[in-house]
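*Asks:* Each chain, written out:
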Amino acid sequence: MSETMPIPLLISLDDYTPVLGEPEVAELRTLASRLQMRTVQMVNSTAMGGGVAEMLNRLVPILQELGLAIRWEVITGGNDFYEITKAFHNALHGGPYTMPPESFETFLAYNEQNLLRLQMEAEFIVIHDPQPVALIRARRDHSGHWIWRCHIDLSHPNPTVWGFLEAWVNRYDGAIFSSAEFARHLPVPQYLFYPSIDPLSEKNRELEPEFVRGTLERFGIDPGRTILTQISRFDRLKDPLGVVRAFQIVKRYFDCQLVLAGGGASDDPEGEAVLAEVREAVGNDPDVHIINLPPWSATEINALQRGSTVIIQKSLREGFGLTVTEGLWKSKPVVASAVGGIPLQIIHKHTGLLAHSVEGTAYQIRFLLSNPAIAERLGQQGRAYVREHFLITSSAKRYLTLFLHL
Amino acid sequence: MKKAEQPFQFKTVSYLTRIANEMATTLAQLEQGLETCSDTSIFNHTFQTLSHHHFLTQGFSNDFAQWVLAGCNRPELAEHLASLDIRDYLSLAELRADLKRLVSEYCEQYPQQAEQSAFEPFFFYEAIGVEVPLQMEAWTLQEFRDGLEKLSHAAFHFHFIASRLRLHLRTNDFSYWLESCLDLGTLARHVNRIDIYTNTLESALQKIISLVERELHS
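Protein chains in written order, with my numbering: chain B, 1 to 406; chain Z, 1001 to 1218.
Rather than coming from a laboratory, the hints here were simulated on the basis of the structure.
Worth double-checking, as some hints may not be accurate.
[Said to hold, decoys possible] Taking lysine-lysine pairs in the DSSO-like style, the calculated list, with each CA pair at most 27 Å apart, reads: (1) LYS1207(Z) to LYS1011(Z); (2) LYS1003(Z) to LYS397(B); (3) LYS1150(Z) to LYS1003(Z); (4) LYS397(B) to LYS251(B); (5) LYS1150(Z) to LYS1207(Z); (6) LYS1100(Z) to LYS397(B); (7) LYS1011(Z) to LYS1100(Z); (8) LYS1150(Z) to LYS349(B); (9) LYS86(B) to LYS349(B).
Quick caveat, the model's predicted, so the values are computed rather than measured.
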């Protein structure tokens, strides 16, 4: 059934010193010195693919190197289990729940099966997202500290599904959310842990300027001219049509190119439809580059972001918005909608610019193109903000602090 | 070189952010929240936010002022809130009273604006600190200088900014130790005069190191 993940150890904590500075890395070691060989279990539902697995792939080795006795367990289940948990996921985002009433029993049965295989005996147990939430059944006599880490937006959940899950969540010692906006009123303490990016990953590591230039040219983009970029799935909630309209306004005043790059058009019928609408809106404008990227394009995304003059994220609805984090980390001025987790990252006029409409987005881009010194300052301050709050090392520090606090 | 009677014990602190289940979508609700939120929430949005935004040297003072400006578009009130200097406060109760007074006066004067919805809500958070001693202590000015160089932003904020609430004095841990244990009153005063609102934590730390080095070479 469930499996314990081997812990990758390719990157060491010392590799983060050039990024963070020696005192910050030393502080992680100081905090961890009180947690040596204390046991931790992280449990989620997938080893690969998706933001949670990507984060655990980096977080778990860092905590292990810091001296914690940490294990990462992945629960498993049949197709029926994953159909139910996908339906949960959609319903927790506010959609209808159409699965039969017995689906809740099936969900619990799979949690029970996983429990038979897992030894839930660590001092600190962190359960990620709803799929393994009922593992707390294993708790005996208030042993250990059980924390539920919710990575999804629970601001408008379907009441049937949330009503079922809430009873389990309330049995934990605490819950962690990515934003207060995503949280629920619960009788247990709730903590704010931002999602994070790894500055040493393919998507975020430093790249040679020649590689960036070469990548732009490979996609037919002129590196010598202004480049506005939105990296996102071709999804209506990312408002690519709004981005095109904003670009068309900006283009009246500035010579510039637009890059719309992302995936989701090949495996998603709606993505294909959105892509077709975008192509129609663009017409035969040679300055708009629509790039449908496969999932293994981390380095290309990195290069596109680094080669851009301004990064846009004109979402109508957003989770935390890690593409914004990535843009900020690359010292780029970012213009983004004030939705979801974006205002947590963009302090208006300090670390980027927020907008509320197509016209507002166009105005803010024009402002940045007219004021390159301000654009540069916002980029630098955006990077500093990410360094402080949204890197994987910040996540490690939050977990260490939580374990010390409990 | 003079040896202190008591060593300077370097510490650091790491903060958890707890979601306080309180929010404001209007200035009137902010006024109410300032009345009912916990002291750790006032601390988080004033003292601690300077650590969160330590790299900003202009236009950022505290979370309340920033929200009133960016979320409510009320620059006049934002300016009043931003002008509160946390160095003037020896207790969170005094700071809370002044924050609340400014918002209350504005709401009384502009009752319609007090009820207008903000672009985005203000969420009250609480800062829960975990203090950890660093394996460093200083008996002399030279050891003190060497210790400063190894401080993280959080440790520096703990000793230089948050310390006022602990000491209940208009000074900071560094100045207090320099004056009381090394009898370096002038240096202590110069250190205490460094402006935390127009410096980053990094630049403030570097200024203190420079002052200490000057003293060492004098």
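*Asks:* Work down the list of hints and note, for each, if the structure agrees.
*Replies:* Each hint tested on the structure:
no. : hint                     : verdict
1   : LYS1207(Z) to LYS1011(Z) : holds (20 Å)
2   : LYS1003(Z) to LYS397(B)  : violated (35 Å)
3   : LYS1150(Z) to LYS1003(Z) : holds (21 Å)
4   : LYS397(B) to LYS251(B)   : violated (44 Å)
5   : LYS1150(Z) to LYS1207(Z) : holds (15 Å)
6   : LYS1100(Z) to LYS397(B)  : violated (33 Å)
7   : LYS1011(Z) to LYS1100(Z) : violated (33 Å)
8   : LYS1150(Z) to LYS349(B)  : violated (32 Å)
9   : LYS86(B) to LYS349(B)    : violated (38 Å)
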